[in-house]
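Protein chains: 2
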Amino acid sequence: QLFLKYKPYRLILLFKWLAIIFPLAAIIGSCCALFLWSLEWATKTRFLYPALLFGLPIAGFITSWLYSRYGKLAAGGNNLILEEIHKPNAGVPLRMAPLIFISTVITHLFGGSAGREGTAVQLGGSIASGIGRIAGLDKKDIRLLLISGIAAGFGAVFGTPVTGAIFALEVPVIGRLEYRALIPALTAAILGDWVCRLWGMDHLRYSMASFSQMGHFQLNIILFFKVILASIAFGVIARLFSESLANSAQWFKKVIPSAPLISFTGGLIVIALVYITGTRDYLGIGTIAAQPNGLQLGSFFDAQQHHYWSWLLKFIFTVVTLSTGFKGGEVTPLFFIGAALGSTIAHIIGAPVDLFAGIGFIAVFGAAANTPLACIIMGVEMFGADNIVYFAAGCCTAYIFSGYSGIYLSQTIGTEKP
Amino acid sequence: QLFLKYKPYRLILLFKWLAIIFPLAAIIGSCCALFLWSLEWATKTRFLYPALLFGLPIAGFITSWLYSRYGKLAAGGNNLILEEIHKPNAGVPLRMAPLIFISTVITHLFGGSAGREGTAVQLGGSIASGIGRIAGLDKKDIRLLLISGIAAGFGAVFGTPVTGAIFALEVPVIGRLEYRALIPALTAAILGDWVCRLWGMDHLRYSMASFSQMGHFQLNIILFFKVILASIAFGVIARLFSESLANSAQWFKKVIPSAPLISFTGGLIVIALVYITGTRDYLGIGTIAAQPNGLQLGSFFDAQQHHYWSWLLKFIFTVVTLSTGFKGGEVTPLFFIGAALGSTIAHIIGAPVDLFAGIGFIAVFGAAANTPLACIIMGVEMFGADNIVYFAAGCCTAYIFSGYSGIYLSQTIGTEKP
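Chains as they are written, first to last, in this note's numbering: chain A, 15 to 432; chain B, 15 to 432.
Don't take every hint at face value.
Same chains, same label: a pair holds when it works inside one copy or across any pair of copies.
[Said to hold, decoys possible] When the alpha-carbon atoms are kept at most 16 Å apart in a straight line, the in silico EDC-like pairs for lysine to aspartate or glutamate are as follows:
1. Lys86 x Asp316
2. Lys30 x Glu54
3. Lys431 x Asp155
4. Lys30 x Asp152
5. Lys154 x Glu430
6. Lys154 x Glu97
7. Lys267 x Asp152
Just so you know, these hints were derived from the structure itself, not from any lab.
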């Protein structure tokens, strides 16, 4: 009787979802693999031909023109996907996938400072929406499928499947976790990442010393308070980033009437920034450097290196790039800004540099995306479990100090921040 | 302007909570340390004097008499705390703390099969309620404080602070996470665990081989499906456990009119079980053995050992003990049952025994408590991050197969299970 009551129903549900999630994850995982490969090609090509930077204004012009000519709804990007999750409507157009793919690669080929997660989320969302239409799902299930698409895209592009799933459950509404989508999102993220890695994609990891031995953990209370202090700064910088992005975009729209011209101007400003600052370190994705010992994300985990203002420079390069209509994600630049700021704070207040770079890495992202749990899990998937207490303290502190103005304007508020 | 808008308010809030949470965590952490020390004393004393087992019926009689004479509201136990979280009413009486402390130690001294988490949660809840009354908090804040008390108790007693916090946020309502209590719960759990360890308490950890290398993780898809298969069993056993506990308790109440007599009978049945099965391995907490090579929780992580029916025996011993009114927790026996069942399944279907014992350990607990996220985090805090993908797959699968009848009868349903 116990078994009759629920087992067949659950099993059928499980198989139905597996039948849809398998192809979904396979397609999204493969697209993410191709995307990661293209990004690496674009970045290395830019290193080979530094003059490509001068094409940035034209590249921006073309991107924005493409979107205004062919984009239609797809121009909504991440926000369109969140809106469709909140209130399923016309669906996410399939054209979003090729458009965001190509335009993100263009950004990186010519040296715009941007990331990957926005692209992965949009690839995932548009493919999920397409599969949902083909499978004839109802609106409730399409909602779950969109969340699964985000999970698969995010999980595959960063190689962090559990983070991808929790991120997708957490991101639509601030202060709410969508338990309803738990199984499809987790399945999609695990399989999406699996497929992406089957294509030979591997992911960078940063090593961190252990400040707590598993099972014999003893909290260092001074270090704990230093983490909280630093994380207040992480939360504030996340908020400043989101607000600068939104305000800068609005300002450009008010001053320059045409989107392609805005992007053209943005490209010119980035070129100017390169010559003002005298460095190309803040162009592109920021995870690999042109020279073997050049500045990149991993540099901030090295206590021997001091880069006090890197966080500010990356902040400016990224806000200019993304607020003038270049495509790409916000998360990888946020990792960079967070790790740079964490390393700077650690040098100033006397704390382990790699630990603080790592906490900055996850906490600034989590605070800007309003996804505190996802960023704790990301810490674990990126750096291991040993420092989970410091990760949790950092991510939650940054979360409450970042306010409600995240990088996803279509997020709604479910629970007020504490 | 940005800073003025929110920083002072948040900072004051932070300090207010720290001022309350610090003493709360210090008291709960200290009580948990004393409790863990007493448990170890009780277990070792029982090993030294095996004849203590024959006192179990009398011990049960006294426990139940104590509760019926002095317990009043405190007899509600975990459920009273959850009800006070749902709808703050008369508060949790402070007498709950000494009553549950003493009666749990009695259970373990005389060989009842029980755990620790229920006791820790009740210590945390009653102390939190007491501090809330002293501090003159309003009902909304008392709610948060109760959640924080659970977090501190759970985190300290198992040495898993982040799990304690997430557990406390997840346990009141199925399918909902109480983001509002994020900061106080996390702070209480971290500090509670810190204080408990300052008293010299350490926690057992079980080692597990890595089936995925960090950063170079490649999912083994066959293993993945074996994990899911096993986790269906974990979910079903969790459900059977919760329902057996509730049904058995009801049955005893119907057949025997007096609570002390029920416990007396329960003690007699446990003694009979020892002689029927010819083993004392399933008495008590189950994490340490009387002989150096005796059966205990850690045995199931050893691929050389085969204990095919251990899960069933521990199941029966525990249901008899807890359903006849002995006090103690359900979670440590669930760890034992899960690890034992995981090891058995791994032997049968050909899978890594330590991995499956570990997944059983966390998944049966998570499924019976309806706290899937907390049990993923517990896997990470107990066994490290390397196998997080398998932990997540196992915990979520078991969660959806355990139904709504968990070990906490006063849990309410927030989101239907997928």
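16 Å Cα threshold - placement of Glu430 relative to Lys154: between (26 Å within a copy, 14 Å between copies)
Alpha-carbon proximity between Lys154 and Glu97, which holds within one copy, between copies, both or neither at 16 Å: within (14 Å within a copy, 32 Å between copies)
Lys30 and Glu54: within-copy, between-copy, both or neither at 16 Å Cα: Cα proximity of Lys30 and Glu54: none, with 36 Å in one copy and 49 Å across.
Up to 16 Å CA-CA - Asp152 versus Lys30, copy category: So Lys30 and Asp152 pass the 16 Å test inside one copy only (14 Å; across, 48 Å).
Alpha-carbon proximity between Lys431 and Asp155, which holds within one copy, between copies, both or neither at 16 Å: between (29 Å within a copy, 14 Å between copies)
Within, between, both or neither, where Lys86 and Asp316 count as close if Cα-Cα is 16 Å or less: neither (45 Å within a copy, 60 Å between copies)
Intra- versus inter-subunit Cα pairing at 16 Å for Lys267 with Asp152: neither (38 Å within a copy, 48 Å between copies)
When held up to the earlier numbered hints, the structure conflicts with 1, 2 and 7 and fits the remainder.
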